[in-house]
Amino acid sequence: MKWMVPINQLDATQERAISDIVDNVRDDHLVSGFAGSGKTIVLTHVVERLAALPRGKTVCFATFTHALKDMVISGLSASALRNTEIMTFDALAKDGTVFDILIADELQDLKAQRIGKVVGRYKSIVAAADFNQRIYRSAAKRPEIDVLIADASEHQLGEIHRINENIFQIATMIHPDAAPRRAPQIRDDDEKARYYQAPSKREEFRAIYAEASRLAVPEYPSAVLFPSKKIMKDFIDVLAAAHSWGSPPELESNADESDGPFDAMNGFLDAKSTRLQILGSGSGEMALSDDEDVVYLMTYHSSKGLDFPNVFLPHLTDDTSLDPMKGAMEDEERRLFFVAVTRARQRLYLSFHGTPHRFLNKIPWEYVDKFSPARRSY
Numbered sequence: 062m063k064w065m066v067p068i069n070q071l072d073a074t075q076e077r078a079i080s081d082i083v084d085n086v087r088d089d090h091l092v093s094g095f096a097g098s099g100k101t102i103v104l105t106h107v108v109e110r111l112a113a114l115p116r117g118k119t120v121c122f123a124t125f126t127h128a129l130k131d132m133v134i135s136g137l138s139a140s141a142l143r144n145t146e147i148m149t150f151d152a153l154a155k156d157g158t159v160f161d162i163l164i165a166d167e168l169q170d171l172k173a174q175r176i177g178k179v180v181g182r183y184k185s186i187v188a189a190a191d192f193n194q195r196i197y198r199s200a201a202k203r204p205e206i207d208v209l210i211a212d213a214s215e216h217q218l219g220e221i222h223r224i225n226e227n228i229f230q231i232a233t234m235i236h237p238d239a240a241p242r243r244a245p246q247i248r249d250d251d252e253k254a255r256y257y258q259a260p261s262k263r264e265e266f267r268a269i270y271a272e273a274s275r276l277a278v279p280e281y282p283s284a285v286l287f288p289s290k291k292i293m294k295d296f297i298d299v300l301a302a303a304h305s306w307g308s309p310p311e312l313e314s315n316a317d318e319s320d321g322p323f324d325a326m327n328g329f330l331d332a333k334s335t336r337l338q339i340l341g342s343g344s345g346e347m348a349l350s351d352d353e354d355v356v357y358l359m360t361y362h363s364s365k366g367l368d369f370p371n372v373f374l375p376h377l378t379d380d381t382s383l384d385p386m387k388g389a390m391e392d393e394e395r396r397l398f399f400v401a402v403t404r405a406r407q408r409l410y411l412s413f414h415g416t417p418h419r420f421l422n423k424i425p426w427e428y429v430d431k432f433s434p435a436r437r438s439y
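Everything in the sequence shown is counted per my numbering, starting at 62 for the first residue and increasing by one.
Worth flagging that the hints you see were computed from the coordinates, not collected in a lab.
Treat the hints loosely; a few may be bogus.
[Said to hold, decoys possible] Here are the simulated SDA-like pairs of lysine to any residue, each with C-alpha atoms no more than 20 Å apart in a straight line: (1) K253 <-> P434; (2) K262 <-> D295; (3) K202 <-> D380; (4) K118 <-> S93; (5) K333 <-> W306; (6) K202 <-> A240; (7) K291 <-> K387; (8) K253 <-> V429; (9) K155 <-> K178; (10) K333 <-> D352; (11) K118 <-> S138; (12) K262 <-> F432; (13) K294 <-> D324; (14) K253 <-> R408; (15) K294 <-> S308; (16) K262 <-> M148; (17) K253 <-> Q217; (18) K172 <-> D392; (19) K172 <-> K387; (20) K172 <-> M148; (21) K262 <-> D380; (22) K262 <-> T381; (23) K202 <-> A302; (24) K184 <-> L137.
Computed from a prediction, not measured in an experiment: that's the story for all the values here.
Input sequences plus hints: build the corresponding full structure.
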């Protein structure tokens, strides 16, 4: 899946941020901006520039999920990969190597205690963060991070490249606190989100699978995102029964990420010649969609930092908590749903059966079109 933007196609604020960071790499830096403004792209170009410098410093790129780590790897040149260590924050915490420069993506999802240890361990930190996408209850709040990296130069990215105006309006109506103070420059197209009210969960899941499969082509995969692993397993079970795939294995719930907890399920889905693959926690491959028609299955949490041409958010019913943490509050659900909505690069599908989730009632009809699947397609 192509995601990396060539240096000659960056906007002015992105170019300035990269140049300033590389020219002043001994200092700390914080790259911030709305979802889809290119924070990870900026960090990846910084890695490329640093790797090309003579007698370059040792660099580590750390991020939160295996999927995002793999995406960054796919966007770097072979020479940059030879000169850069790329790992998750969990792996970094266990690694004893001290690098000259730490490139830290999704900093807002780390606990303050861990950020404090990172700050004390590395001479220079280049971080990216969007506090409107802070999705873990124990993660550091903005004032805590400001104290920990008080001297960092901030680079605010001003243009939104990933999502269009309609998706921007939907996202900020659900999560009003995320709306920028100044109206940003947003990609200009009139593609509306689509919604589907299904007569049952079975009909909903079958229709979403059919449409996601129809749209998926090499380099342009679809992604079906779920609030929880339980709903993802329900989705697979419904499809397995409908298509006579047999009985799917259970999803491992508490396995270490390095164990690839979804490998058994992915093996099952591959053996049945489906287009489905679970991506996240060390399972699945981003590179698979370069040559094959792939429909990725992910939780909202594991999709963090990624984007896909076609994004489907099923099971948006009134009895579904969009944050699976016990006792999740309204603002936690809002931030997580905001993250899920803003993964869509081209098309966004919102679907439900029965009574819709209360967030859907906040979306004006002008930003969505009704999706009516042809029954024969699934």
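Hints, verified against the model:
Straight-line distance between C-alpha atoms of K253 and P434 comes to about 16 Å, which keeps the hinted pair within the 20 Å bound. Distance check on the hinted pair: K262 and D295 sit about 9 Å apart at the alpha-carbon level, within 20 Å; holds. The hinted pair formed by K202 and D380 fails the criterion: a straight-line CA distance of about 29 Å is larger than 20 Å. Taking the CA atoms of K118 and S93, the gap is about 24 Å. The hint is violated against a cut of 20 Å.
Restraint check for K333 and W306: satisfied, since their Cα atoms lie roughly 6 Å apart, inside the 20 Å limit. For the hint pairing K202 with A240, the CA-to-CA distance comes to about 18 Å; that is within 20 Å, so the pair holds. Proximity of K291 to K387 is assessed by CA-CA distance (about 14 Å); at most 20 Å being required, the pair is judged to hold. Proximity of K253 to V429 is assessed by CA-CA distance (about 5 Å); at most 20 Å being required, the pair is judged to hold.
This hinted pair checks out: K155 and K178 have alpha carbons roughly 12 Å apart, not beyond 20 Å. Between K333 and D352, the direct Cα distance comes to roughly 19 Å. Compliance with the 20 Å bound is thereby established for this hinted pair. Using a Cα cut-off of 20 Å, the hinted pair K118 and S138 holds, with the two alpha carbons roughly 17 Å apart. For the suggested pair K262 and F432, the alpha carbons sit about 16 Å apart, so the restraint of at most 20 Å is met.
At roughly 14 Å between alpha-carbon atoms, K294 and D324 fall within 20 Å of each other, so this suggested pair holds. Only pairs whose Cα atoms come within 20 Å are accepted, and K253 paired with R408 is accepted, the gap being roughly 8 Å. Annotation: proposed proximity of K294 to S308 holds, straight-line Cα distance about 11 Å (limit 20 Å). A C-alpha spacing of about 38 Å is found between K262 and M148, which places the hinted pair above 20 Å, so the restraint is violated.
Distance check on the hinted pair: K253 and Q217 sit about 28 Å apart at the alpha-carbon level, beyond 20 Å; violated. A C-alpha spacing of about 19 Å is found between K172 and D392, which places the hinted pair at or below 20 Å, so the restraint holds. The straight-line distance between the Cα atoms of K172 and K387 is roughly 19 Å, inside the 20 Å bound, and the hint therefore holds. Proximity of K172 to M148 is assessed by CA-CA distance (about 17 Å); at most 20 Å being required, the pair is judged to hold.
A C-alpha spacing of about 13 Å is found between K262 and D380, which places the hinted pair at or below 20 Å, so the restraint holds. Proximity of K262 to T381 is assessed by CA-CA distance (about 13 Å); at most 20 Å being required, the pair is judged to hold. About 44 Å separates the Cα atoms of K202 and A302, which puts this hinted pair outside 20 Å; it is violated. Between K184 and L137 the alpha-carbon distance is near 24 Å, which puts this suggested pair outside the 20 Å criterion.
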